[in-house]
Every structure is written in structure tokens, then in C-alpha cells.
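Protein chains: 6
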Amino acid sequence: MPYVNVRITREGATAAQKAEIIAGVTDLLVKVLDKDPATTFVVIDEVPLENWGVGGVPTEEYRRRTRPREASAE
Amino acid sequence: MPYVNVRITREGATAAQKAEIIAGVTDLLVKVLDKDPATTFVVIDEVPLENWGVGGVPTEEYRRRTRPREASAE
Amino acid sequence: MPYVNVRITREGATAAQKAEIIAGVTDLLVKVLDKDPATTFVVIDEVPLENWGVGGVPTEEYRRRTRPREASAE
Amino acid sequence: MPYVNVRITREGATAAQKAEIIAGVTDLLVKVLDKDPATTFVVIDEVPLENWGVGGVPTEEYRRRTRPREASAE
Amino acid sequence: MPYVNVRITREGATAAQKAEIIAGVTDLLVKVLDKDPATTFVVIDEVPLENWGVGGVPTEEYRRRTRPREASAE
Amino acid sequence: MPYVNVRITREGATAAQKAEIIAGVTDLLVKVLDKDPATTFVVIDEVPLENWGVGGVPTEEYRRRTRPREASAE
Numbered sequence: 001m002p003y004v005n006v007r008i009t010r011e012g013a014t015a016a017q018k019a020e021i022i023a024g025v026t027d028l029l030v031k032v033l034d035k036d037p038a039t040t041f042v043v044i045d046e047v048p049l050e051n052w053g054v055g056g057v058p059t060e061e062y063r064r065r066t067r068p069r070e071a072s073a074e
Numbered sequence: 001m002p003y004v005n006v007r008i009t010r011e012g013a014t015a016a017q018k019a020e021i022i023a024g025v026t027d028l029l030v031k032v033l034d035k036d037p038a039t040t041f042v043v044i045d046e047v048p049l050e051n052w053g054v055g056g057v058p059t060e061e062y063r064r065r066t067r068p069r070e071a072s073a074e
Numbered sequence: 001m002p003y004v005n006v007r008i009t010r011e012g013a014t015a016a017q018k019a020e021i022i023a024g025v026t027d028l029l030v031k032v033l034d035k036d037p038a039t040t041f042v043v044i045d046e047v048p049l050e051n052w053g054v055g056g057v058p059t060e061e062y063r064r065r066t067r068p069r070e071a072s073a074e
Numbered sequence: 001m002p003y004v005n006v007r008i009t010r011e012g013a014t015a016a017q018k019a020e021i022i023a024g025v026t027d028l029l030v031k032v033l034d035k036d037p038a039t040t041f042v043v044i045d046e047v048p049l050e051n052w053g054v055g056g057v058p059t060e061e062y063r064r065r066t067r068p069r070e071a072s073a074e
Numbered sequence: 001m002p003y004v005n006v007r008i009t010r011e012g013a014t015a016a017q018k019a020e021i022i023a024g025v026t027d028l029l030v031k032v033l034d035k036d037p038a039t040t041f042v043v044i045d046e047v048p049l050e051n052w053g054v055g056g057v058p059t060e061e062y063r064r065r066t067r068p069r070e071a072s073a074e
Numbered sequence: 001m002p003y004v005n006v007r008i009t010r011e012g013a014t015a016a017q018k019a020e021i022i023a024g025v026t027d028l029l030v031k032v033l034d035k036d037p038a039t040t041f042v043v044i045d046e047v048p049l050e051n052w053g054v055g056g057v058p059t060e061e062y063r064r065r066t067r068p069r070e071a072s073a074e
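Chains as they are written, first to last, in the UniProt record's numbering: chain H, 1 to 74; chain X, 1 to 74; chain G, 1 to 74; chain A, 1 to 74; chain E, 1 to 74; chain V, 1 to 74.
Keep in mind that the hints are not guaranteed to be accurate.
Facing chain A, from chain H, some residues (calculated, C-beta under 10 Å) [what the hints assert, rightly or not]:
#, residue
1, E11
2, T14
3, A16
4, V30
5, D45
6, E50
7, N51
8, W52
9, G53
10, V54
11, G55
12, G56
13, V57
14, P58
15, R67
When the alpha-carbon atoms are kept at most 25 Å apart in a straight line, the in silico SDA-like pairs for lysine to any residue are as follows [unchecked claim]:
#, chain 1, residue 1, chain 2, residue 2
16, X, K31, G, E20
17, G, K35, X, E20
18, E, K35, V, K35
19, E, K31, H, D34
20, A, K35, A, A19
21, V, K35, A, N5
22, V, K35, V, Q17
Everything labelled a hint here was simulated from the structure, so no lab data went into it.
As the structure is a prediction and not an experimental result, all values here were calculated from the model.
Cβ coordinates follow ideal geometry from the N, Cα and C atoms, glycine included.
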């Protein structure tokens with residue numbers, strides 16, 4: 001009866017990608033713990049970038065600091 | 001001092017329905033555990049259908065499989 | 001397909017009380033939102049008192065301040 | 001490796017205020033528990049007022065009852 | 001920068017099984033969404049059976065009803 | 001009316017340290033967002049090391065890989 005909450009930054013994950021995550025996590029729990037897929041929930045939360053902090057700063061600021069070239073190219 | 005998080009799929013729950021859930025959960029905690037309503041939080045999250053998986057697939061796909069007629073009628 | 005997480009302080013809730021909360025929350029979601037009980041999860045977390053803060057202090061300190069007599073009588 | 005989830009009502013917190021919360025929570029965990037900021041996540045959820053209940057009623061109703069003058073002045 | 005919370009009933013999952021879940025979920029997020037494993041957290045919560053409800057009853061009661069033979073054989 | 005959930009690995013945080021986190025987070029929300037401490041909850045969850053994964057492996061394995069000397073010294 002697992003409940004899995006996947007929290008990611010909102011950056012355009014497609015419905016197909018989200019379906020792939022739902023399938024993959026469910027398969028994993030069936031394989032490793034013999035869980036019943038019918039009572040396995042996978043819930044994805046997409047969080048705005050400015051609401052997600054790491055290293056003490058919001059995600060975009062964090063990326064500018066740690067990956068300067070990529071960020072300026074975006 | 002309870003905190004209750006009610007997570008449902010986003011399918012048009014009205015403000016009145018949400019108020020009824022908030023009242024009902026709070027009353028239950030007062031009745032069963034003698035909690036103080038003033039320090040009881042009930043927070044409802046409405047999750048997009050494509051972000052909620054069950055049975056290894058997103059909710060709408062799950063409903064098509066398990067309740068074929070209803071789904072096609074929607 | 002609701003998922004409800006009820007978080008309370010760990011203060012000796014009995015299995016019967018927890019079953020009553022599970023039943024009550026599920027009934028409420030069936031009644032108000034026509035949810036299917038078979039895909040409704042209610043998960044109760046019991047949190048140690050020293051890990052739950054309110055008013056800027058742990059629960060026991062908060063109770064001493066706001067309900068001085070009860071706390072000393074306990 | 002902390003994960004902190006800050007849930008507040010959605011009432012116009014600015015990006016600067018959210019950045020201040022991210023910085024403040026991270027600094028606190030570094031100072032008190034010697035955590036590494038690089039593996040400290042702070043995720044802010046902004047919840048619609050009608051989805052947040054306290055005292056058995058949605059937030060706005062709660063404010064009308066407990067702070068009648070302020071609420072009518074808003 | 002994903003955060004994944006896997007909640008399961010506490011029924012003796014081994015450290016090896018938990019490591020397999022951590023690896024599997026991380027790999028999935030790398031493969032599907034190109035996430036960086038170094039900033040991917042997977043946190044497993046094991047919930048006592050009497051604290052997890054489904055179908056309006058605690059898990060063990062639910063299993064007795066839906067899988068009567070297995071439960072009596074356990 | 002904030003609810004803050006601080007999740008850390010279980011590694012012996014003391015009651016005093018937890019009280020300091022509760023106070024610090026509450027003060028921050030009062031200062032930055034003018035929240036009322038009386039309706040601010042801070043809940044700390046301590047997660048066993050083998051249940052917390054980062055970089056695709058449980059925490060202890062992760063530390064051995066990234067901080068080899070410290071880990072062997074522990």
C-alpha cells in the first residue's frame with residue numbers, strides 16, 4: 001500500500017514523462033517489495049523554481065553559481 | 001495540535017465541499033482525541049489528474065481500464 | 001483516490017482511536033466528495049512531543065505557558 | 001542532508017521574501033546542526049486560502065471570527 | 001533537485017531492499033528527467049500497520065477482509 | 001498559519017537543538033512574513049540513516065564515497 005510523493009521543480013515535464021515516472025516507481029515497488037500496484041499511489045508535485053531552495057538560495061541562483069556557463073546560455 | 005493534509009485529485013471540489021471537509025476532519029479529531037480546534041490545521045492539496053498515478057498509470061488511464069463505460073461517457 | 005496524512009503528537013492514541021480516525025476520515029471523503037474507500041489511504045504519524053513546536057517552543061513548553069495549571073497537574 | 005517544507009497560505013509572498021526564508025532556514029540548520037548547505041533543500045508551498053482550515057473553518061472565515069475589525073477593513 | 005518520499009507499511013523491509021529502492025528511484029529520475037543524482041533525495045518512511053488505513057479500516061483488518069485465506073495463514 | 005516540516009537524518013539531535021530550530025524557524029516567519037507564532041507549527045522528523053538516500057545510495061554509503069577520511073574515522 002505504498003504512497004510515493006515525487007517533488008520536482010516545475011520545468012515542463014510532459015505528461016508522457018510523468019507517466020513514465022509513475023510506471024517506473026510502481027514497477028520498482030512491485031519488484032523489490034512485492035507491493036500490489038492497485039494500491040500503490042505515485043503523486044508528482046511540480047514546484048515553482050523560486051519556491052525551491054538549495055545551498056541557501058533559490059534554484060535559479062544556485063544554478064548560476066554552480067553552473068555559470070549553462071545558466072547564462074539559457 | 002494536529003496537522004492534517006488531505007490530498008485529492010483536482011476535479012472541481014467547491015469551496016463549500018472543502019469547508020465541509022475541514023469541519024468534518026476537525027470535529028473528528030475533537031471527538032476522538034479531544035484535540036483543540038484552535039490548533040488543528042487541515043490543508044487540502046488538489047493534484048492535477050496527470051500527476052496522480054495508481055496501478056502504475058495516471059488516474060485517467062486507470063479509470064479507463066477499471067471503469068471503461070463511465071470514462072467514455074464523461 | 002485520496003491520500004490523507006494525519007499528524008498528531010505521540011501521546012498514547014490507542015489502536016481503537018486510530019481506527020476511528022481512519023473510519024471517520026474515509027466516511028467523510030465518501031460523503032462529501034463521493035470518493036471510493038478502496039482507494040482512500042489515511043496515514044497517521046505520531047510525532048514525539050519534543051519534535052513538535054508551536055508558538056516558537058516545543059509542545060510541552062507551550063502547554064506550560066498557555067495552560068499552567070493543567071500542565072502542573074499532569 | 002535536511003529537507004524542509006514550508007507551507008504557508010498563498011497571499012502574495014514575494015520572490016525576495018521567499019529567498020529570505022530559504023536563506024534563513026538554511027543558515028539555521030548550518031548553525032544549529034552543522035548541516036551542509038549544498039545538501040539542504042527548502043521547499044515552499046503556497047496554499048490557496050480556501051484550502052487551509054483552522055479552528056474547523058477555512059482561513060478567511062477563521063480570521064473574520066477572531067479578528068473581526070481587521071478582516072472587515074481589508 | 002528532486003525529493004522523493006516513499007511511504008510504506010513497516011513490515012521488515014531490509015537495508016538492502018531500501019538501498020535498491022533508493023537506487024531505482026534515483027536512476028529513474030536521471031533517465032526520464034535528466035536529474036542530477038547528487039541533488040536527488042529519496043526518503044523512506046515505514047509506517048506501523050495500525051497507523052495505515054485503506055478502505056476505511058487499518059491495513060490488517062483490510063487484508064483480513066480482502067484476502068481472508070492469506071491473512072489467516074500468516 | 002504556517003506549517004513547517006523539518007526532515008533530518010536521525011543522528012542524535014538533542015532536545016535543546018530541536019528547540020533552537022523550532023524557535024529559529026518561527027522567528028524567521030514572524031520577521032519575514034509577519035506570521036503569528038501562535039499558529040505556526042514546526043514539526044521535526046528524524047529519519048534513520050538507512051532510509052535516507054542521496055546520490056542513489058543510502059546516506060552512510062554516500063558519505064564514505066564523498067568524505068572517505070571522515071567516515072573511516074567515525
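Going down the list of hints, with the structure as the test:
1. The criterion of a C-beta within 10 Å of any C-beta in chain A is not met by H/E11, whose closest approach is roughly 14 Å, and the hint is violated.
2. Interface hint status for H/T14: violated, as the beta-carbon distance to the closest one in chain A is roughly 22 Å, over 10 Å.
3. The closest approach between the C-beta of H/A16 and any C-beta of chain A is roughly 25 Å, which is over the 10 Å cut-off, so the hint fails.
4. A least Cβ separation of about 26 Å between H/V30 and chain A goes past the 10 Å threshold, and the interface hint is therefore violated.
5. For the restraint placing H/D45 at the interface with chain A, the shortest Cβ-Cβ distance is roughly 8 Å, inside the 10 Å limit, so the hint holds.
6. Given the 10 Å rule on beta carbons, the hint for H/E50 holds: about 5 Å separates it from the nearest Cβ of chain A.
7. Among the interface hints, the one on H/N51 holds; its C-beta lies about 4 Å from the nearest C-beta in chain A, closer than the 10 Å criterion.
8. Checking H/W52 against chain A by beta carbon gives a least distance of about 5 Å; that is within 10 Å, so the hint holds.
9. Interface hint status for H/G53: upheld, as the beta-carbon distance to the closest one in chain A is roughly 3 Å, under 10 Å.
10. Interface hint status for H/V54: upheld, as the beta-carbon distance to the closest one in chain A is roughly 6 Å, under 10 Å.
11. Evaluation of the H/G55 hint against chain A yields a held restraint, the C-beta minimum of about 5 Å falling below 10 Å.
12. With its C-beta approaching chain A no nearer than about 4 Å, H/G56 sits inside the 10 Å limit, and its interface hint holds.
13. About 6 Å separates the beta-carbon of H/V57 from the nearest beta-carbon of chain A, less than 10 Å, and the hint is met.
14. Annotation: interface hint on H/P58 holds; nearest CB of chain A at approximately 5 Å, less than 10 Å.
15. Because the beta carbon of H/R67 sits about 13 Å from the nearest beta carbon in chain A, more than 10 Å, this interface hint is broken.
16. Simply put, X/K31 and G/E20 have alpha-carbon atoms about 10 Å apart, close enough for the 25 Å limit, and the pair holds.
17. For the hint linking G/K35 to X/E20, the alpha-carbon distance of about 14 Å falls within 25 Å, and the restraint holds.
18. With a C-alpha separation of about 35 Å, the suggested pair E/K35 and V/K35 falls outside the 25 Å cut-off, and the hint is violated.
19. For the hint pairing E/K31 with H/D34, the CA-to-CA distance comes to about 23 Å; that is within 25 Å, so the pair holds.
20. Between A/K35 and A/A19 the alpha-carbon distance is near 19 Å, which keeps this suggested pair within the 25 Å criterion.
21. Among the hinted pairs, V/K35 with A/N5 is consistent with the structure: their alpha-carbon atoms are about 16 Å apart, no more than 25 Å.
22. Proposed proximity of V/K35 and V/Q17 is supported: the alpha carbons are some 23 Å apart, at most 25 Å.
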